[in-house]
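The chain contents come next:
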Amino acid sequence: MAGSNPNAKPMDLTLKIWRQKDKNSAGQLVTYPLKNISPDMSFLEMLDVLNEELLVKGEDPVAFDHDCREGICGMCSLFINGRAHGPERGTTTCQLHMRHFNHGDTITIEPWRAAAFPVHKDLIVDRSAFDRIQQAGGYVSVNTGGVPDANEIAIPKTIADKAFDAATCIGCGACVAACKNASAMLFVSAKVSQLAMLPQGKVEAKTRVENMVAQMDLEGFGACSNTGACAAECPVGISLDNIAMMNREYFGAKASSENV
Amino acid sequence: MILDSKIPEGALAEKWDKHKFNVKLVNPANKRKYDIIVVGTGLAGASAAATLGELGYNVKAFCFQDSPRRAHSIAAQGGINAAKNYQNDGDSIFRLFYDTIKGGDYRAREANVYRLAQVSVDIIDQCVAQGVPFAREYGGLLANRSFGGAQVSRTFYARGQTGQQLLLGAYSALNRQVAYGKVKMYPRTEMLDLVMVDGKARGIVVRNLITGKVESHSAHAVVLATGGYGNVFFLSTNAMGSNATAAWRAHKKGALFANPCFTQIHPTCIPVSGEYQSKLTLMSESLRNDGRVWVPKTVELAQRLRKGEISVNDIKEEDRDYYLERKYPAFGNLVPRDVASRNAKLVCDEGRGVGASGLAVFLDFADAIRREGQPAIAAKYGNLFDMYAKITDENPYDKPMRIYPAVHYTMGGLWVDYNLMTNIPGLYATGECNFSDHGANRLGASALMQGLADGYFVIPYTIGDYLAQTPYDKVSTDHPAFKEAEQNVKSTTDRLLSIKGNRTVDDFHKALGQIMWDYCGMARNAEGLQFAKQEIRKLRDEFWQNVKVTGVNEELNQTLEKAHRVADFLELGELMVDDALHRNESCGGHFREEYQTPENEALRDDENFAYVAAWEFTGNDGNPILHKEDLKFENVKLTQRSYK
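Just so you know, the protein sequences line up as chains A and B, in that order.
Under my numbering, residues 211 to 470 are what the first sequence spells out, in order.
Under my numbering, residues 5 to 648 are what the second sequence spells out, in order.
Read the hints as simulated data drawn from the structure, not as lab findings.
Just so we're clear, the structure is a prediction, and the values are computed from it rather than from any experiment.
Glycine is no exception: its CB is placed at the ideal position from the N, C-alpha and C atoms.
Incorrect hints may appear among the rest.
What the hints assert, rightly or not - Sample of chain A residues with no beta-carbon within 10 Å of chain B, all distances over it, derived: (1) M221; (2) R229; (3) Y242; (4) K245; (5) N291; (6) P297; (7) Q345; (8) G348; (9) T354; (10) D359; (11) G432; (12) D451; (13) A454; (14) A463; (15) N469.
To be verified - These stretches of chain B come out as covered by chain A in the derived footprint (C-beta under 8 Å, 3 or more residues): (16) 142-154; (17) 600-607.
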């Protein structure tokens with residue numbers, strides 16, 4: 211078997227999982243014992259096993275968001291033992307493997323906790339606030355067609371690489387979940403910085419940062435107090451530099467803004 | 005039924021330009037009188053919705069995920085082809101066209117593929133203008149790399165995350181139209197039926213995945229951009245939610261399904277590790293630029309390796325068989341996917357596979373690391389190496405990767421004409437959802453190209469031609485056709501919930517996947533396919549008597565969502581088998597063991613099978629009706645594909 215350690219033994223676990231019927235119901239942690247888990251399983255495959263057991267018993271399986279299971283779509287979430295996406299750095303929950311846990315462990319699994327991310331059910335939250343922030347300005351205003359040849363815009367490789375690093379944000383919301391203020395600064399700054407660095411995005415840089423920050427505030431995300439928890443927990447390593455850059459962009463924009 | 009592909013007259017290179025001139029236009033002030041539904045928000049759907057919104061149509065876009073940005077296009081790694089010839093290495097629109105036709109083993113339509121190659125260059129311009137951060141050279145211009153099935157460097161990329169960057173570009177364009185009010189977005193909403201009025205597509209019925217509410221949406225045209233059906237196999241590189249339901253239900257309403265047996269098994273995926281496996285992870289084809297594929301020369305060495313008596317680094321150079329380089333010196337490790345996959349299967353069947361199961365081959369970077377240094381390799385493929393290490397707990401910088409083929413893409417899909425319209429007037433299919441551009445095998449870095457070509461540059465023209473001939477009148481969702489479709493959806497849901505059997509949806513899905521993989525996977529034969537057909541029917545009968553779906557409709561119910569999708573896979577699987585059984589030849593990803601050359605290459609039968617097989621649904625009686633669209637090759641010569 212690929213990557214399996216022949217000495218790794220199956221493990222027994224105790225799961226404490228947040229169960230909540232819907233947005234309007236109160237939730238609680240429910241305990242589930244789970245036996246015979248292979249260390250080579252992903253965390254979500256471990257939950258699949260639990261859900262199959264619950265189904266066979268006729269119980270309601272645990273609802274959780276997931277899709278690509280390769281760490282790129284940003285759909286999976288989960289607050290695992292007090293950490294967004296669990297204990298491994300730079301890892302989404304779907305890429306977290308059970309070999310990082312031990313036989314006999316108790317694992318607490320909760321949804322993202324933030325006023326701007328209300329719970330839909332169990333571990334599934336509503337992250338549509340993120341889409342609305344992007345709709346407020348996370349784009350370059352070009353229509354399809356009528357654009358210059360791609361190589362007419364030369365961009366220094368170092369800038370292109372930095373813009374790429376910011377652009378790799380997967381929009382999962384771990385930054386918000388990790389922040390004690392539930393701030394969305396890292397998420398918003400990743401898009402603001404990406405486009406502010408590139409010549410294509412500079413034209414609208416001022417209005418973009420103003421509008422996206424205004425929408426972020428409107429959605430009820432908290433303020434940034436620079437603890438850096440967001441970047442520490444970000445599964446794709448979005449840098450705090452982006453927040454610094456967004457602040458610069460924001461103050462620059464506000465200093466000359468028409469919207470005072 | 006006569007299938008009219010509506011390929012424009014004239015020379016190949018002039019067809020699209022002439023067609024764009026000949027299509028009817030909707031005047032800008034009248035566009036707002038038309039409503040268009042787009043289902044799916046991956047590259048094909050998001051680009052179409054954004055562009056149609058920009059043009060002034062009223063667009064409603066739907067996705068089952070929590071945000072349009074999650075669509076599985078996001079997971080595409082390696083790159084996007086375009087005939088820019090920025091490398092001055094002999095590329096051209098005709099060469100991209102030729103490579104794609106040949107790569108597809110001469111089972112795609114010339115005119116569609118030529119148009120794809122033509123608009124490929126516009127896609128790159130568009131994406132750069134949106135701020136997509138493609139890889140660049142030190143001089144500030146765009147970088148390229150090579151991909152399978154081509155001898156030029158025409159693939160544009162953004163590290164190993166090209167799909168993500170292109171999708172986020174399309175998502176940003178979509179968001180802009182949402183902000184302008186031209187697109188209304190419906191996330192966490194799944195299409196469960198197509199609604200037809202007077203023989204035309206006029207809307208859809210959806211289920212709100214949060215509340216369970218069944219709702220209708222009316223429009224003048226419907227675009228399905230709902231991706232492929234690789235998840236029929238349960239294990240694939242597709243996302244967990246990827247499904248065929250929207251396309252299949254349109255098929256049941258009369259849309260023909262073309263070449264369903266043409267599935268792509270991608271050669272470089274992380275092998276299966278256990279029973280609990282929920283999906284397979286791709287390692288980008290770009291790795292074959294630097295990685296060398298090999299297995300031990302002898303069965304004996306492979307056995308000792310599998311038992312752990314020796315380790316991979318103990319195997320001497322002369323005891324390694326770099327079988328792709330040996331058999332295909334011209335293309336080496338960069339042969340097309342179907343060829344690479346089939347050869348991996350061959351060496352494993354011979355007993356020379358590696359890994360505990362013997363179902364894996366090595367992809368080795370030692371030479372490249374020696375040649376270029378570890379930092380250079382890390383810069384090119386770092387995220388892929390990290391992903392491999394996370395999943396397998398092995399370091400690919402020290403030891404070769406172990407890889408095995410896995411289901412990745414489906415070339416088949418809804419039949420469409422040159423305008424991307426299905427045989428149902430007003431119903432379009434774009435991207436992986438249609439069948440049109442990749443023949444029997446898709447070349448690497450061509451899926452992103454097709455998705456964006458269809459959405460940004462084809463459908464915005466062709467849909468106007470249809471709408472210009474459609475009255476402005478809207479159909480009310482109170483129309484009996486909508487009420488009937490809603491009722492159908494509700495009764496299917498009620499039926500699924502009322503069975504209360506003993507076997508879970510996943511269990512059925514896994515059983516179906518196993519049948520498909522064993523008998524309709526990398527190699528097929530008539531006997532196996534006939535057996536598979538019986539097995540699928542038995543399984544489907546059992547599903548409708550014994551499936552266990554808990555909960556109710558009026559809630560977020562993921563088990564119910566899956567049950568709807570698996571019910572459709574159980575029907576589609578049988579059609580794939582029917583198609584594979586009828587096509588008595590081998591071509592591309594469709595390899596019938598009875599039809600092969602002495603060197604085990606696919607043996608086509610152009611005399612009898614140079615056609616598109618488009619199937620009509622007739623109820624689940626096992627006798628779908630076959631319609632043929634003959635493929636005419638006027639610009640390329642049909643030859644035995646050779647990569648030697």
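Hints, verified against the model:
Distance check on A/M221: its Cβ is at least 13 Å (rounded) from any Cβ of chain B, clearing the 10 Å threshold; non-interface status holds. For A/R229, the non-interface assignment is confirmed: its Cβ lies about 13 Å from the closest Cβ of chain B, beyond the 10 Å cut-off. The claim that A/Y242 is not at the interface with chain B holds, since no C-beta of that chain comes within 10 Å of its own (minimum 16 Å). Residue placement check: A/K245 keeps its beta carbon more than 10 Å from all beta carbons of chain B (closest about 13 Å).
For A/N291, the non-interface assignment is confirmed: its Cβ lies about 19 Å from the closest Cβ of chain B, beyond the 10 Å cut-off. A/P297, annotated as away from the interface, keeps every beta carbon of chain B farther than 10 Å; the closest lies near 13 Å. The beta carbon of A/Q345 is not kept farther than 10 Å from every beta carbon of chain B, the shortest such distance being approximately 4 Å. Interface exclusion of A/G348 from chain B breaks down, the closest Cβ pair being 6 Å apart, not more than 10 Å.
Its beta-carbon lying about 4 Å from the closest one in chain B, A/T354 breaks the requirement of being farther than 10 Å from that chain. Once the 10 Å rule is applied to beta carbons, A/D359 is inconsistent with being away from chain B; the minimum gap is 6 Å. Taking the minimum C-beta to C-beta distance to chain B, about 21 Å, the non-interface status of A/G432 holds against the 10 Å cut. A cut-off of 10 Å between C-beta atoms confirms that A/D451 is not in contact with chain B; the least separation is 16 Å.
Annotated as non-interface, A/A454 keeps its C-beta farther than 10 Å from every C-beta of chain B; the closest such distance is 20 Å. Distance to chain B confirms A/A463 as a non-interface residue, since its nearest Cβ pair spans about 18 Å, more than 10 Å. Every Cβ of chain B is farther than 10 Å from the Cβ of A/N469; the closest lies at roughly 16 Å, confirming the non-interface assignment. Counting residues of the stretch 142-154 of chain B whose beta-carbon sits less than 8 Å from any beta-carbon of chain A gives 5, enough to reach three: the coverage restraint holds.
Proximity of the stretch 600-607 of chain B to chain A, defined as three or more residues with a beta carbon under 8 Å from a beta carbon of that chain, is not established by the 0 residues found.
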